[in-house]
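Visitor: Chains as they are written, first to last, in this note's numbering: chain A, 10 to 189; chain B, 453 to 924.
It is possible that some hints are incorrect.
To be verified - Ranges between beta-carbon positions, derived for each pair:
no.: 1; chain 1: B; residue 1: Y662; chain 2: A; residue 2: K173; range: 32 to 40 Å
no.: 2; chain 1: A; residue 1: R100; chain 2: B; residue 2: F610; range: 23 to 31 Å
no.: 3; chain 1: B; residue 1: Y662; chain 2: A; residue 2: G15; range: 25 to 33 Å
no.: 4; chain 1: B; residue 1: S864; chain 2: A; residue 2: T79; range: 45 to 53 Å
no.: 5; chain 1: A; residue 1: Q38; chain 2: B; residue 2: P910; range: 38 to 46 Å
To be verified - In silico EDC-like pairs for lysine to aspartate or glutamate, Cα to Cα no more than 16 Å straight-line:
no.: 6; chain 1: A; residue 1: K173; chain 2: A; residue 2: E161
no.: 7; chain 1: B; residue 1: K913; chain 2: A; residue 2: E54
no.: 8; chain 1: B; residue 1: K661; chain 2: A; residue 2: D149
Said to hold, decoys possible - Covered stretches of chain A, as calculated for chain B (at least 3 residues, CB under 8 Å):
no.: 9; stretch: 47-58
no.: 10; stretch: 83-97
no.: 11; stretch: 102-111
no.: 12; stretch: 136-146
The hints are simulated quantities; they were obtained by calculation from the structure and are not laboratory data. Note that beta-carbon positions come from the ideal geometry of N, C-alpha and C, so glycine has one too.
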Amino acid sequence: MPAREGTYGLLAEFETPGDLVRAARQARQDGWRRMDCYTPYPVEEAAEAIGFHRNKVALLTLIGGLMGGTAMFLLQVWVSVLAYPLNIAGRPTYSWPAFIVPTYEWTILWAGLSAAFGMLALNGLPSLYHPLFNAPNFRDGATTDKFFLCLEALDPKFDRAETKAYLEKFEPLSVTEVDY
Amino acid sequence: MATKEIKPANQWVDPATGEFRVIALGQNFRSITEKIVRIVLTPHTPMGWFALFTVAGGGAVMLMTAITWLFLKGVGIWAITQPVAWGFAIINFVWWIGIGHAGTLISAILLLFKQTWRNAISRFAEAMTIFAVVCAGMFPLIHVGRPWLGYWMLPLPFTMNVWPQFRSPLEWDVFAVSTYATISVVFWYIGMVPDLATFRDRADSRLAKYFYGIISLGWRGSVRHWMRYETASLLLAGLATPLVLSVHTVISFDFAVAVLPGWHTTIFPPYFVAGAIYSGFAMVLTLAIPLRKFYHLESLVTERHIDNMGKVMLVTGFIVGYGYGMEAFMAWYSADHWEAFAFWNRMFGPMGWAYWVLIASNLVIPLTTLWSRKLRTNIAYMFFISIVVNTGMWFERFVIIVTSLYRDFLPSSWGTYRATKWDYMTFVGTLGLFTTLFLLFVRFLPMIPMNEIRMILPQAKIKPKATVEAGD
Numbered sequence: 010m011p012a013r014e015g016t017y018g019l020l021a022e023f024e025t026p027g028d029l030v031r032a033a034r035q036a037r038q039d040g041w042r043r044m045d046c047y048t049p050y051p052v053e054e055a056a057e058a059i060g061f062h063r064n065k066v067a068l069l070t071l072i073g074g075l076m077g078g079t080a081m082f083l084l085q086v087w088v089s090v091l092a093y094p095l096n097i098a099g100r101p102t103y104s105w106p107a108f109i110v111p112t113y114e115w116t117i118l119w120a121g122l123s124a125a126f127g128m129l130a131l132n133g134l135p136s137l138y139h140p141l142f143n144a145p146n147f148r149d150g151a152t153t154d155k156f157f158l159c160l161e162a163l164d165p166k167f168d169r170a171e172t173k174a175y176l177e178k179f180e181p182l183s184v185t186e187v188d189y
Numbered sequence: 453m454a455t456k457e458i459k460p461a462n463q464w465v466d467p468a469t470g471e472f473r474v475i476a477l478g479q480n481f482r483s484i485t486e487k488i489v490r491i492v493l494t495p496h497t498p499m500g501w502f503a504l505f506t507v508a509g510g511g512a513v514m515l516m517t518a519i520t521w522l523f524l525k526g527v528g529i530w531a532i533t534q535p536v537a538w539g540f541a542i543i544n545f546v547w548w549i550g551i552g553h554a555g556t557l558i559s560a561i562l563l564l565f566k567q568t569w570r571n572a573i574s575r576f577a578e579a580m581t582i583f584a585v586v587c588a589g590m591f592p593l594i595h596v597g598r599p600w601l602g603y604w605m606l607p608l609p610f611t612m613n614v615w616p617q618f619r620s621p622l623e624w625d626v627f628a629v630s631t632y633a634t635i636s637v638v639f640w641y642i643g644m645v646p647d648l649a650t651f652r653d654r655a656d657s658r659l660a661k662y663f664y665g666i667i668s669l670g671w672r673g674s675v676r677h678w679m680r681y682e683t684a685s686l687l688l689a690g691l692a693t694p695l696v697l698s699v700h701t702v703i704s705f706d707f708a709v710a711v712l713p714g715w716h717t718t719i720f721p722p723y724f725v726a727g728a729i730y731s732g733f734a735m736v737l738t739l740a741i742p743l744r745k746f747y748h749l750e751s752l753v754t755e756r757h758i759d760n761m762g763k764v765m766l767v768t769g770f771i772v773g774y775g776y777g778m779e780a781f782m783a784w785y786s787a788d789h790w791e792a793f794a795f796w797n798r799m800f801g802p803m804g805w806a807y808w809v810l811i812a813s814n815l816v817i818p819l820t821t822l823w824s825r826k827l828r829t830n831i832a833y834m835f836f837i838s839i840v841v842n843t844g845m846w847f848e849r850f851v852i853i854v855t856s857l858y859r860d861f862l863p864s865s866w867g868t869y870r871a872t873k874w875d876y877m878t879f880v881g882t883l884g885l886f887t888t889l890f891l892l893f894v895r896f897l898p899m900i901p902m903n904e905i906r907m908i909l910p911q912a913k914i915k916p917k918a919t920v921e922a923g924d
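Given the sequences, and given the hints that come with them, work out the whole structure.
Guide: The structure is reproduced here in structure tokens:
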């Protein structure tokens, strides 16, 4: 368990996405690993810069979709063949083409729900508290027009004074210490 | 020809392409955020909003009254009887759900095609989808006669051991429409989360901070979150695309699978889907034009959007026209006596006027005029066209349902259809309910996706360091 008191990290605020990406790329090159960027819209280059290349949302979606489709198809077969077979002029009870439409719909339904809720779960949301919300400039900027780089205290390279000086080199608008 | 009409100094036009700009000049991250945030996070609700809300709320109350009376008396208060057993309820169902389709088209299909002009209109088009599906979904439920037994349509293990008939298109509808409603709500909500976080951070009142704080789920804009979010959005768009095509296809199966002349045709699925998108874009225009005027959003919803929607309507209108033509052709070419009679009767029978209203308002008026760029960017004209097309599409469903049913195979069972005041009250009531929900959405939720608008601003482009230094 990470410590729940003391410093969470140092937060540098940038004016443009370009400045953020350059700083993040450099920090990654210099061996930083426990860090994250915060932006008001998706900045793909920033994710690349901190070494976040792939995620598991697509896999979850595939699994969810396959499970939903299979469940619906089996349900229809069970209902139509075993639980409630209807003899209508001797037509076959296992009439699989007619079962395709609900199967198709449920594949999409469960794939979509897996994508949405899987994304939230992987992101650890909802989590209404986060130490970054304590930073005075974070909430004014991160969801509006500023770009943030946070070097976290859990990184072995972290040292309050040295890291602050390190971040200052990137000419940010400000560097703030964030407490838990 | 078109480019010549535009003055070169017009600030709304991009000189490089001669097209209207997707977003006005001189906007930055903060200015667009402030603009959209101020609509919601203001203590002063405009009087116009209250006025409209009163009218729309009145409509919703009327709907409530009509439905209460329906539940007390039964579906006999409507005009439905033999042979026209599907009246306004199904007409309205098909019409409303069709309207919803443009929202999904804008938010999902145009996202996959990377049409960034869609960004400004995608959120309220999605909201339109959801509220249209709310209105649509209600009709089959109240049409079944015993709505308290509506759960019989679901495969639930209850004491009688009766299970649904999965080979029926009406049962497919249950799954198609419920999936469509669920996925639309999820897609809409997930898309709103980052904007709700902006609201949380910009709110002044304590109540607003709590409200937006909870529904924004603690979003903080981490790029790791953003990347998963982008993947999820793209996947949801990829899933919503086949879904939206399947929903109106399944609805057209309700008709096409029946052996009735005028219904039993293979052109129905594509022609229903195109018609749905056609009417849906008309509804987006009906909503967007007053909204941009009322909330001064001309810099975000520009002539470019109106123009592009006009183009989409032109294309889908022609597909619909092809559908009408093919129906007529098949009636002749099939050499099927009943099919030919149904079609002749549709055009020249006692309800022939409805057919000609639909031809005039779906084909003649829009498809002859939408070619002109001047008219496509004329806001008043586009508003007029949107109303015309919505009316025309309603009549299309009226013609398909009523004129196929009221002349049965046996002349002895021929009848007619004359809607009662309860039919009209229910229909007008859903317009009220739709408008009420939409007004609440505009007042309390971000109607333009701020995070997507930020992405298309020039400032969002990441310049390599060398050019930045050279520029300094």
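Visitor: With reference to the structure, classify each hint as holding or not holding.
Guide: Each hint, compared with the structure:
As the Cβ distance of B/Y662 to A/K173 is approximately 34 Å, the hint placing it in 32 to 40 Å holds. Restraint check, A/R100 to B/F610: a C-beta distance of roughly 26 Å satisfies the suggested window 23 to 31 Å. In this structure the supplied range 25 to 33 Å holds for B/Y662 paired with A/G15, their Cβ-Cβ distance being about 28 Å. The hint said 45 to 53 Å for the Cβ distance between B/S864 and A/T79, and at roughly 50 Å that hint holds.
Hint check: A/Q38 to B/P910, Cβ distance near 28 Å, so the stated range 38 to 46 Å is violated. Proximity of A/K173 to A/E161 is assessed by CA-CA distance (about 12 Å); at most 16 Å being required, the pair is judged to hold. For the hint linking B/K913 to A/E54, the alpha-carbon distance of about 10 Å falls within 16 Å, and the restraint holds. Note on B/K661 and A/D149: the hinted pairing holds, with a Cα-Cα distance of about 13 Å set against a maximum of 16 Å.
As drawn, the stretch 47-58 of chain A meets chain B at 10 residues by the rule of a beta-carbon pair under 8 Å; at three or more, the given contact holds. Here's how the stretch 83-97 of chain A fares: 7 of its residues keep a CB closer than 8 Å to some CB of chain B, so the rule of at least three is met and the hint holds. Look at the stretch 102-111 of chain A against chain B: 5 of its residues bring a Cβ nearer than 8 Å to a Cβ of that chain, three or more, so the hint holds. Counting residues of the stretch 136-146 of chain A whose beta-carbon sits less than 8 Å from any beta-carbon of chain B gives 6, enough to reach three: the coverage restraint holds.
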